[in-house]
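Kindly generate the complete structure, drawing on both the sequences and the hints.
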Amino acid sequence: RKEVEQDPGPFNVPEGATVAFNCTYSNSASQSFFWYRQDCRKEPKLLMSVYSSGNEDGRFTAQLNRASQYISLLIRDSKLSDSATYLCVVNIRNFGNEKLTFGTGTRLTIIP
Amino acid sequence: NAGVMQNPRHLVRRRGQEARLRCSPMKGHSHVYWYRQLPEEGLKFMVYLQKENIIDESGMPKERFSAEFPKEGPSILRIQQVVRGDSAAYFCASSPSFRGSQPQHFGDGTRLSIL
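Residue numbers (my numbering), protein chains in the order written: chain A, 1 to 112; chain B, 1 to 115.
It is worth saying that the hints were derived from the structure and are not from the lab. Only true hints are included.
Selected chain A positions facing chain B (Cβ under 8 Å, derived; list incomplete):
#, residue
1, F34
2, K99
3, T101
In this text, a Cβ means the ideal position worked out from N, Cα and C, and glycines have one as well.
Listed below in structure tokens is the structure:
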């Protein structure tokens, strides 16, 4: 089983629609959670951290369910500029070291 | 306030040659991470270094790959005797501390092509 698994995608969504991505992680010792965004042939960029209480940043809402080991990202009123690959990222502690583990990403295309 | 700087942006090598990828972390960051992204795949952790120390190299292939982060100068990812399968984007990231909760800031990456 992969340490971090995401919806396979791709998601093709009309502009203005709401889209949700899901992610599950296997290591219950995971401590920190993030969503990153990666544009084609570019570096990943932090979109938002994910907190246990859930958090919102403009049109983006992230949720964490520790009991189910599940993370989600909701994008409302989607824009053309939201087209990108969204990476679910988990900080996993391994033999005393902590490192970020990335999901394979979900590709989103917003259609005009 | 420069971000993470990687060079070169693009590197072309023939099979059997050596590839050297360089990464200068953000100012004030002493922790460097290298990732590899194969075409159409996610980022895979390779190695985590602090100055003069390799902390975690669990993602590094056992042969041909090595990394260093000297006291002075950038971190270097070195690939000896490159093969076609080494073609990928190599990203470097840095953070100010060892805690994984600190988001890592990525460089633009080096795209390695093996002829």
